[in-house]
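**Student:** Construct the complete structure from the given sequences, taking the supplied hints into account.
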Amino acid sequence: MLRILPLQRQALYLVRSSQRSVTRSLYTTPPCSRQVPTFNKDFSGNRSRLPTPYKSTFLDIFSRPVQKDIRWMTRNLKRELNRFTTNQVVRRKAGGLGIRGRLFSDIADMFVKAALAGHIPRLNARELMTGFNEDDGHEYIEKALLSAFLTFAEPHLPEHMVDQFNSLRKISDLRFPSEWFPDARQMKRQVILHVGPTNSGKTYRALKRLEQAESGIYCGPLRLLAHEIYEKMNEKGVPCNLLTGEERREVAPYAPLTSSTVEMANLNKPMDVAVIDEIQLIGDPDRGWAWTQALLGLKAKEIHLCGEASAVPLVKKICETLDDEVVVNEYSRLTPFEVDETSLNNDLTKIKKGDCVVAFSRSEIFALKEKIEKLTGLRCAVAYGGLPPETRALQAKAFNDLESGFDVLVASDAVGMGLNLNIKRIVFTTVRKFDGKTFRHVSIPQIKQIAGRAGRFGTAYNEGEVTTLHPRDLQYIKECVSAPIIPLEMAGLQPTVDILELFALQMPQEKFSGLLQKFEDLASLNGDYFLCNYRDQKTIAERIEHIKLPLRDKYQFVTAPVSCRNESSMEMIELFAKKFSENETCTLDDVIQLPNVTPASTAGLAQLESDHKNIMLYMWLSGIVSSIASMFSTLISGIAGFLQSIVSAITRCITGIFNAIAACLTCGRAGRRRGRV
Numbered sequence: 001m002l003r004i005l006p007l008q009r010q011a012l013y014l015v016r017s018s019q020r021s022v023t024r025s026l027y028t029t030p031p032c033s034r035q036v037p038t039f040n041k042d043f044s045g046n047r048s049r050l051p052t053p054y055k056s057t058f059l060d061i062f063s064r065p066v067q068k069d070i071r072w073m074t075r076n077l078k079r080e081l082n083r084f085t086t087n088q089v090v091r092r093k094a095g096g097l098g099i100r101g102r103l104f105s106d107i108a109d110m111f112v113k114a115a116l117a118g119h120i121p122r123l124n125a126r127e128l129m130t131g132f133n134e135d136d137g138h139e140y141i142e143k144a145l146l147s148a149f150l151t152f153a154e155p156h157l158p159e160h161m162v163d164q165f166n167s168l169r170k171i172s173d174l175r176f177p178s179e180w181f182p183d184a185r186q187m188k189r190q191v192i193l194h195v196g197p198t199n200s201g202k203t204y205r206a207l208k209r210l211e212q213a214e215s216g217i218y219c220g221p222l223r224l225l226a227h228e229i230y231e232k233m234n235e236k237g238v239p240c241n242l243l244t245g246e247e248r249r250e251v252a253p254y255a256p257l258t259s260s261t262v263e264m265a266n267l268n269k270p271m272d273v274a275v276i277d278e279i280q281l282i283g284d285p286d287r288g289w290a291w292t293q294a295l296l297g298l299k300a301k302e303i304h305l306c307g308e309a310s311a312v313p314l315v316k317k318i319c320e321t322l323d324d325e326v327v328v329n330e331y332s333r334l335t336p337f338e339v340d341e342t343s344l345n346n347d348l349t350k351i352k353k354g355d356c357v358v359a360f361s362r363s364e365i366f367a368l369k370e371k372i373e374k375l376t377g378l379r380c381a382v383a384y385g386g387l388p389p390e391t392r393a394l395q396a397k398a399f400n401d402l403e404s405g406f407d408v409l410v411a412s413d414a415v416g417m418g419l420n421l422n423i424k425r426i427v428f429t430t431v432r433k434f435d436g437k438t439f440r441h442v443s444i445p446q447i448k449q450i451a452g453r454a455g456r457f458g459t460a461y462n463e464g465e466v467t468t469l470h471p472r473d474l475q476y477i478k479e480c481v482s483a484p485i486i487p488l489e490m491a492g493l494q495p496t497v498d499i500l501e502l503f504a505l506q507m508p509q510e511k512f513s514g515l516l517q518k519f520e521d522l523a524s525l526n527g528d529y530f531l532c533n534y535r536d537q538k539t540i541a542e543r544i545e546h547i548k549l550p551l552r553d554k555y556q557f558v559t560a561p562v563s564c565r566n567e568s569s570m571e572m573i574e575l576f577a578k579k580f581s582e583n584e585t586c587t588l589d590d591v592i593q594l595p596n597v598t599p600a601s602t603a604g605l606a607q608l609e610s611d612h613k614n615i616m617l618y619m620w621l622s623g624i625v626s627s628i629a630s631m632f633s634t635l636i637s638g639i640a641g642f643l644q645s646i647v648s649a650i651t652r653c654i655t656g657i658f659n660a661i662a663a664c665l666t667c668g669r670a671g672r673r674r675g676r677v
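Residue numbering for the sequence shown follows full-length UniProt numbering, beginning at 1 and increasing consecutively.
Where hints are given, some of them may not hold.
[Unchecked claim] The calculated lysine to aspartate or glutamate pairs, modelled on EDC-like cross-linking and capped at a C-alpha distance of 16 Å, are: (1) 424 <-> 463; (2) 613 <-> 390; (3) 613 <-> 574; (4) 371 <-> 347; (5) 317 <-> 489; (6) 299 <-> 183; (7) 301 <-> 325; (8) 578 <-> 590; (9) 236 <-> 211; (10) 518 <-> 542.
No lab work stands behind these hints: they were computed from the structure.
**Tutor:** Below you can see the structure in the form of structure tokens.
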């Protein structure tokens, strides 16, 4: 999910507060007359006079939400400051840096007084709203206060603490990330932005330029996309190697082009042309650092950035500090689409051939497939994030093939990126999605990206349609689709392993998970960047803390693509780390056993999906950590067949589950036969 930025949050805030009144006739004040209130710098509660209230649209993202969010932040900032000296989380983190007891109390009292008086730079509601991440909520304010406190504390520390504290602050200073890439700074680079909505041809133009280059790289967000570009280039007779975390394919030692995932971009090789796809993901809270790293570090004469127009202001701002030339090319959709005036009114019998039915949970996707096939006689393909990319591609191919017998696609937000799909109509079954903590409205950019899949140039579906299953959701979709572009404000950062090693030298007794936490607490950034989430890395670090490994090796394990909510994956990363530390050979047969019979339930399918994730983790580790490759001995010789077996099993399983369901639909016992998720 894309990073939620201020205007998005404002829109979603109003959505939640306005759901009961969405059917009313609504009126908006013209943009030129809207006013944004300002507040006194002190937290006395005296605010400047607010404009006269007015009615707003369902997603009026320019006016009243700004007032609401600033008020919310002002109120909560004051509350957190008033409890700062007694906040046990703050006291524990400060204590870990040696600021404890009376020393903490004295400095904290001075800090709170200065903050309430408005004397702490950038510690005010409006500044905090700029980088606010709704996923973190009050934790975000707590982090901001701790960071400001540690800066404030520095001149008040006793002499014996100053040297170490200063060293830690200097090492965790991330305000000038462009300096991490001195070779790129010596070049005069041209950055060409290709921006526009889905199905506008923006990526096609950039790839044509890459195809003509004497040397270059494609950096994509997904292994599936990197593989697709690799195949297309070689089919055209342009030698192109493949480089992802899990896979390396070399068609020629000196092939001019490489197709890679963005995390694997080679920053050491000079080249003529680089293409970075989905540049708006530079603002992603988890992976944004990879796009920032590629933008700052690629040694290419031309860097083509493809994606949404939301990234343009931020990229321009960053490139200005790099002295790079920026050119912006804007594209319009090649095919039109429109939101229908009516929903399906909860009636799945209205689903028709060419529809893509969108849901946001695996279990709902399976349930919808069953219901649609029962009610309409249409056959459904499925696609969701948990499926292996190869299986998703096969399901997409079956849906696109008019002779395959598949009429409808039931999918998650996985359709928004990485799959070429011939869709006539997008049908949203819901506009809310579980984010791991709670249900939230799907973000405006994500709604736009999914809706944009309706209609595809050069197919039978030149004009697309978008609607909802339930009437209550239609207005939200309409407002999202017509909402103006929400500009990104900050790019993600993550420190290099070299920086973390320097940091660790100052605290030799600290556990690795503790080092990550302390670095996060002390990190200094300027207003153009934010520190990407360390949540998963800290969870993995705690899991493998008991295993004796050098910091650099531990870093490779904690940055592995592991779902911390999947216990099987967590067990695998722990096992792999243990075997590596003990210098033991590890084969896939040691850890994964495929079933002799293809499962015929969703529970069995889930196990196969988990096995596939563990295989990909195995491949990633053996590809990223060079010293691991020799120990993970299944690689190359047997893994291709292993992977093909599991992908085939998953494909058969999907078909088998629903063939079994279809066989008993006539007697109404399908629900008993379907495995539950």
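**Student:** So, for every hint listed, does it hold in this structure?
**Tutor:** Cross-check of the supplied hints:
| no. | hint | in the structure |
| --- | --- | --- |
| 1 | 424 <-> 463 | holds, 7 Å |
| 2 | 613 <-> 390 | holds, 12 Å |
| 3 | 613 <-> 574 | holds, 15 Å |
| 4 | 371 <-> 347 | holds, 11 Å |
| 5 | 317 <-> 489 | holds, 10 Å |
| 6 | 299 <-> 183 | holds, 7 Å |
| 7 | 301 <-> 325 | holds, 10 Å |
| 8 | 578 <-> 590 | holds, 13 Å |
| 9 | 236 <-> 211 | holds, 9 Å |
| 10 | 518 <-> 542 | holds, 14 Å |
Against the hints set out earlier in the document, no violation occurs for any number.
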